[in-house]
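K.L.:
Each chain is listed here by its residues.
2 protein chains.
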Amino acid sequence: MATKLITIAFDVMGSDHGPAEVVRGAAQLSLESPHIHALLVGDRALIDDALAEIKHSGERISVQHASEHIGMDEKPGEALARKPDASVSVAARLVAEGEADALVSAGNTGACVLSCARHFQLLPGVRRAALAAVYPTRDRHGQKADPFSLILDVGATVEATAEDLVTFAVMGAAYARIISRNENPKVALLSNGTEPNKGPRQVVEAHAALSAMRGLQFIGNVEGVDIPKGTADVVVTDGFVGNVCLKMLEGVHDTVVELAQYAYKESLRWRAGLAMLSGGIQRIKDITDWEQYGGAPVLGFDRIFIKAHGRSKARAIANAGKVAAKAVAHDLGKAIQQGLAR
Amino acid sequence: MATKLITIAFDVMGSDHGPAEVVRGAAQLSLESPHIHALLVGDRALIDDALAEIKHSGERISVQHASEHIGMDEKPGEALARKPDASVSVAARLVAEGEADALVSAGNTGACVLSCARHFQLLPGVRRAALAAVYPTRDRHGQKADPFSLILDVGATVEATAEDLVTFAVMGAAYARIISRNENPKVALLSNGTEPNKGPRQVVEAHAALSAMRGLQFIGNVEGVDIPKGTADVVVTDGFVGNVCLKMLEGVHDTVVELAQYAYKESLRWRAGLAMLSGGIQRIKDITDWEQYGGAPVLGFDRIFIKAHGRSKARAIANAGKVAAKAVAHDLGKAIQQGLAR
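Chains as they are written, first to last, in the numbering used here: chain A, 10 to 351; chain B, 10 to 351.
The set of hints was computed from the structure by calculation and includes no laboratory data. Do not rely on the hints blindly, as some may be mistaken.
Repeated chains share a single entry, so a pair holds when one copy, or any two copies, can fit it.
Unchecked claim - Computed cross-link-like contacts, DSS-like style, restricted to lysine-lysine with a CA-CA straight-line distance of at most 30 angstroms:
hint, residue 1, residue 2
1, K64, K238
2, K343, K207
3, K207, K13
4, K322, K238
5, K84, K343
6, K153, K84
7, K331, K153
8, K238, K92
9, K153, K238
10, K207, K153
11, K207, K64
12, K238, K84
13, K92, K207
14, K153, K322
15, K84, K13
16, K207, K84
17, K84, K64
18, K92, K64
19, K207, K335
20, K92, K343
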């Protein structure tokens, strides 16, 4: 692997834990990854204060001031129009202009996707972009035996055509190949039955097209039960269904955590059991905890964007930066185009 | 409550645990519920053998022979055409002809729904039927504080129009009112955001129509995260999305059970903890175990049909019979028509 310096633009503002947490993540990255340069975009005073308090490698961090930012609850379209100097816009523009190689943000997802759409170009052959999400599964995947699968789209393209679904399949496979070092990822369509004729028309049509495609390990339809199991490495669906599924996993996770906390508080007998069982509970939590992993890519643009969860702590931010750098180093955009050409 | 005798036709064949298990459920019912008569439809010799081995009230059980049955893995349309004397068809016909008041089956879901469609009439104003499912939630619902919600459609109508979704909302509310004794159930549309303009067009249109409807507590859109939480008493979506969600809950349940078993086997330390924590684990399992509840209604026909899970044991079969009798006693069909008239 060549270790060409890769610059990642971090949108420092607008995450749940505030700018200092994102800065801490970039600082960790600067110490751990000599081939990554972090360009921190946001309120310069806040960033400098945060940097002053934490160990970092000064030569691998720079700052670009942006006077505004988009809040988590703001409406993306309106907010971006009202705030031309919002950190996510400035960061996306820097990436588009080649000042940085990829964008990472833990802010308002809608504003991120919209900023990408405005500043980046769709790859040739891609009609609609997809937001993908990594989620934990029972089964392990790829060379690194990652305990997670990829699901897309989870909200960028609410209604997808058969052609869009095929494109999502190719893009998801390219991403899994690069990020999970999974040479031949198993790709599946999400449907209400495994038979090729199951599902709405666009799913049936996409099934036929994917079955005929070379260079892609299409395993057919999977059902809801296969999502937590991890039957496929890449699960393809439209943004409506994907969003509902991803948020369901989040809801199940919250419920499990809540019950564990309830058990902890309520009963001494339980408490003793809980301490002994911490390994087991942790595994159950891992299965349902979709936020512990690096980040979620927006796929289909000529530039790389990784969306970190709003609740990301420094470790998750650093991981998102590493994932972004890996996608750049392996030229994800080119891999997608090659896949579409097949 | 009047205790008029209600006859429930049980399709005895084709469940995962075999005819004897269904007969055992009906036998329990005959001892517990003096107002219910069980009409057992299937292979008479098998039924008689099973009855001979179990305590039951002979005067509240009768048998109707049917020489064929549909297997779990058979294609519903083909199998029903090939087997005119299949138990589910015979049972549905007996209900249509007034020989019984409602149908209960733990067999092939597709064959059940198709038999209903062939032998029953859609209620006036109902364009498409819906298969509803009861699933466990964190929050409790209704007067009986039931720890479950209703979701529909889960597979009968894969692509639903706005009008279908509105009908499903009314039918689900009527069912919750009767079965969960929930006078004013909270009804929600499943979408990818809570705002009224979120989701595909049919969801946005249904949102507008339901907002304008009187006599229904429409709480707007809910998201995937609200499914396990139980924010709504009745979650409305199309059969494609509902099927994926229901099966996802099943997959999460299987994973939790598997991890608990793994923990139990793998480690003495864990084993001690597990025993102490059994109450907590049981609660986690309850939240994700969608099969412990009575059954799932097909809504929209002039006759009552309750689908018990294929894996139902005798207790679940008896419960499904009670639910069916309750729907008959409270005239679910009339309640749905009154709801649609508003």
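K.L.:
If a hint holds in the structure, say so; if it does not, say that too.
P.N.:
Hints versus structure:
In this assembly of identical chains, the alpha carbons of K64 and K238 never lie at most 30 angstroms apart, being 40 angstroms within a copy and 41 angstroms across copies at closest. For the identical chains of this complex, K343 and K207 are neighbours neither inside a copy (33 angstroms) nor across copies (33 angstroms), given an alpha-carbon limit of 30 angstroms. Taking identical chains as interchangeable, the C-alpha atoms of K207 and K13 are never at most 30 angstroms apart, the minima being 47 angstroms within one chain and 43 angstroms between chains. Taking identical chains as interchangeable, the C-alpha atoms of K322 and K238 lie at most 30 angstroms apart whether they share a chain (27 angstroms) or sit on different chains (25 angstroms).
In this assembly of identical chains, the alpha carbons of K84 and K343 never lie at most 30 angstroms apart, being 33 angstroms within a copy and 44 angstroms across copies at closest. Taking the shortest Cα distances, K153 and K84 never come within 30 angstroms of each other, neither inside one copy (39 angstroms) nor across copies (40 angstroms). Proximity of K331 to K153 under the C-alpha cut-off of 30 angstroms is restricted to the intra-copy arrangement: shortest distance 15 angstroms within a copy versus 52 angstroms between copies. For the homomeric pair K238 and K92, neither the shortest alpha-carbon distance inside one copy (43 angstroms) nor that between copies (36 angstroms) is at most 30 angstroms.
For a Cα distance limit of 30 angstroms, the shortest separation of K153 from K238 inside one copy, 18 angstroms, qualifies, whereas the shortest one across copies, 34 angstroms, does not. Within a single copy, K207 and K153 get their C-alpha atoms no closer than 33 angstroms, and across copies no closer than 38 angstroms, so neither meets the 30 angstroms cut-off. Taking the shortest alpha-carbon separations for K207 and K64, neither the intra-copy value of 55 angstroms nor the inter-copy value of 44 angstroms comes in at or below 30 angstroms. Within a single copy, K238 and K84 get their C-alpha atoms only as close as 35 angstroms, which misses the 30 angstroms cut-off; across copies the closest is 26 angstroms, which meets it.
For a Cα distance limit of 30 angstroms, the shortest separation of K92 from K207 across copies, 24 angstroms, qualifies, whereas the shortest one inside one copy, 46 angstroms, does not. In the homo-oligomer, the alpha carbons of K153 and K322 lie at most 30 angstroms apart inside one protomer (23 angstroms), although the nearest pairing across protomers, at 42 angstroms, exceeds that limit. Proximity of K84 to K13 under the C-alpha cut-off of 30 angstroms is found in neither arrangement, the shortest distances being 38 angstroms within a copy and 57 angstroms between copies. For the homomeric pair K207 and K84, the shortest alpha-carbon distance between copies (12 angstroms) is at most 30 angstroms, but the shortest distance inside one copy (36 angstroms) is not.
Taking the closest pair of Cα atoms, K84 and K64 never come within 30 angstroms of each other, the shortest separation being 36 angstroms inside a single copy and 65 angstroms across copies. In this assembly of identical chains, the alpha carbons of K92 and K64 never lie at most 30 angstroms apart, being 32 angstroms within a copy and 76 angstroms across copies at closest. Proximity of K207 to K335 under the C-alpha cut-off of 30 angstroms is found in neither arrangement, the shortest distances being 37 angstroms within a copy and 34 angstroms between copies. Within a single copy, K92 and K343 get their C-alpha atoms no closer than 33 angstroms, and across copies no closer than 55 angstroms, so neither meets the 30 angstroms cut-off.
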